[in-house]
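> Spelled out, the chains give:
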Amino acid sequence: MPTETTIYDDVRNGMLPAHIYNDAEIFERERRNLFSRAWVFVGHESEIPQPGDYVTRKVLDDSFIVVRDEQGQVRAHFNMCLHRGMQVCRAEMGNASHFRCPYHGWSYRNDGRIVGLPFHKEAYGGEEGFSRKGATLLPAPNLDTYNGLIFISMDPDAPALVDYLGDFTFFLDFYTKQSEAGIELRGPQRWRVKANWKIGAENFAGDMYHTPQTHTSVVEIGLFREPKAEKRKDGNTYWAGNGGGTTYKLPPGTLEERLRYVGYPDEMIERMKETWSPEQLDVIGENGFMISAASIFPNMSLVHNWPMVEDGEDVLPFISLRTWVPISEDETEVYSWFAVDASAPDEFKELSYKAYLMCFGSTGMFEQDDVENWVSLTNTAKGAMARRLLLNSRMGMLKDGSPVVPPLDSDEWAGPGVAHVGYGEYNQRHMLERWADYLEDDVPEPSRPEGMGAVRMTPSAAAAAAAAGECDGGETCESEPTTEGASS
Amino acid sequence: MTLIGADISAESVLNRGATQARKVGRSLSFGDERHLALSRWLVEEAYTLDDQRYEDWLESIAEDVHYLMPVRVTTALGAGYTTSPGMAHWDENKYSLSRRVARFLTEHAWTEDPPSRLRHFVTNIRTFETDVEGELIADSAVLLFRSRGDTNEAATISAQREDVLRETDDGYVLARRVIMIDESVLRTQNLAIFL
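Residue numbers (this note's numbering), protein chains in the order written: chain B, 896 to 1383; chain E, 62 to 256.
It should be emphasised that the hints constitute simulated quantities derived from the structure, not laboratory data. Every value quoted in this text rests on a predicted model; they were computed, and no experiment measured them. C-beta: ideal position from N, C-alpha, C; glycine also. A hint or two may mislead.
Claimed, not checked - Ranges between beta-carbon positions, derived for each pair: (1) B:HIS999 x E:GLU120: 33 to 39 Å; (2) E:PRO175 x B:GLU1208: 44 to 50 Å; (3) B:ARG979 x E:GLU244: 24 to 30 Å; (4) B:ALA1279 x E:VAL104: 43 to 49 Å; (5) B:VAL1299 x E:THR229: 55 to 61 Å; (6) B:THR1040 x E:GLY210: 41 to 47 Å; (7) B:ARG1282 x E:PHE182: 57 to 63 Å; (8) E:ASP68 x B:ASN908: 40 to 46 Å.
As the list claims (entries may be wrong) - If we take Cβ atoms under 8 Å as the criterion, some of the chain E residues that face chain B in the derived model are: (9) ARG101; (10) THR143; (11) GLY147; (12) MET148; (13) ALA163.
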């Protein structure tokens, strides 16, 4: 069995030890060194538009209540009562001013502050025994947003999200900011696949090579005209900041003609022109590339395609966001959302939703064939022979490491990062190089856990409490009525 | 939560003129000829779907069909809804169903090559008259057993269905199907099947 060091060396060389796709020890390392630090997408502000709106989302095994508090601020509370650890919210979505633990009735405002503690005086001697003042559900160590996309990091010292995303924000805007109104999300559809989480993330990041083969059937039935092998290889793959993606080459034409070609109505095109930077517009209008699939390290993916949703010649674009939530080394829960520009015309929203359902998600005709491959790969990666095989992931690179085709120059590519036309596995290698960097870098021993109420506050809890504002109502806080049922 | 197909169908933005038929009165007697005819229709359909004879299946579906399976969500008791607002797994018309069937008929629908072994168990059938002339409603419970290959465990899908069946000269056709799946998180790799 290869040592860990050679695993990372091989990965950096584009030769992938096959067992990394089904290995309990590797998964444990991902848990400890990667998901403990990286920014993980959990949802979008449009899912919780009103005060009290919440969704529960997971970062690996940890459940968070992602909620908009009464002041309109988005927060993420660790979904565990401070007392005996029961989940204080067992629904996956809803609206609540308070979350009440069903076990002993402790209750918390939607900003996390504890307000109800039955028999506080008799059982604890009041504030002398358990100071409710400043006590909150444990906040997520770090929470940040970009274009309304909500991310959590388990690392209190994580870099700012915008710095983590880096130049990928240039491309993220194509998906999530087609107008000043931003996007609205629907869903997610959720389903579990017996496949390792990395496979989907790599596939969306850069695998243009699979499209003509895996997705032959959707071209044959007239759903999508683009994936034919000849067309697919004219697109490019780009990597910028902490993400990368694939594009299609558009037919000659102006910016407007090219956006119309993928099905955008003129009023949406006008808003894109007002919203995107000259460089962003040039990627489409001058360079002739249209974004398609992409991934942000480690486990968020995006897709933008333009199928035919009705009989005839017209195509219509859709956008989908998703996360590959790891369950174990051989199982992943897919969360797949439909996204659409909030100011798009109603008819566009309807047909775009239709396009999403036909192509991606739990019933999507692209998706169906993808998952079949990934499940099979994961099964095969489990055995002893997989430990003897290095998968060749060096496409686009000669033996001396130089590229098969040179990167696009600044006349050909107005975007940041590096882009190569044609088939290559540059982005898959970028994803796995980052993966190796995280896995090799052991996190320090965890800091002492935090407690609330009876013990001296730790600095981060104190900061969270200060941010929440203190409960000033004394005993009256306790009798605050609870509302709709997250509390039931 | 009681499944009222007309309401769920009407909430979808893709309901383009599908029937709004609603149940009227108590369920038909199990000896009623209409009940027997609808029961037979559902059993025949189950065999058609088990055999993946999807072209035959399409012929039993009305041109204006709405075939809908909302995403289920876990909500608190009293929240008033158990489906994800505006999101379904299937929200189909005849055209999109026909594209799905056409795909299975190509030689490149890899997810079903080799094919799954399917068994649709259909039970708890009850039938109703409706407020629309020539249309009846059939409720049923369906359990799909799906086995693929020889490595992974088989998947099961449990759901309730409310179907509107319309009488035509060639027999009954499916005019609306609302499927309430019993899981919020599907435990099958995809829905490359029909319920």
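> Could you run down the list of hints and mark each one as holding or not?
Against the structure, the hints:
{"no.": "1", "hint": "B:HIS999 x E:GLU120: 33 to 39 Å", "in the structure": "violated, 60 Å"}
{"no.": "2", "hint": "E:PRO175 x B:GLU1208: 44 to 50 Å", "in the structure": "violated, 35 Å"}
{"no.": "3", "hint": "B:ARG979 x E:GLU244: 24 to 30 Å", "in the structure": "holds, 29 Å"}
{"no.": "4", "hint": "B:ALA1279 x E:VAL104: 43 to 49 Å", "in the structure": "holds, 48 Å"}
{"no.": "5", "hint": "B:VAL1299 x E:THR229: 55 to 61 Å", "in the structure": "holds, 60 Å"}
{"no.": "6", "hint": "B:THR1040 x E:GLY210: 41 to 47 Å", "in the structure": "holds, 42 Å"}
{"no.": "7", "hint": "B:ARG1282 x E:PHE182: 57 to 63 Å", "in the structure": "violated, 42 Å"}
{"no.": "8", "hint": "E:ASP68 x B:ASN908: 40 to 46 Å", "in the structure": "violated, 59 Å"}
{"no.": "9", "hint": "ARG101", "in the structure": "violated, 28 Å"}
{"no.": "10", "hint": "THR143", "in the structure": "violated, 10 Å"}
{"no.": "11", "hint": "GLY147", "in the structure": "holds, 4 Å"}
{"no.": "12", "hint": "MET148", "in the structure": "holds, 4 Å"}
{"no.": "13", "hint": "ALA163", "in the structure": "holds, 4 Å"}
When held up to the earlier numbered hints, the structure conflicts with 1, 2, 7, 8, 9, 10 and fits the remainder.
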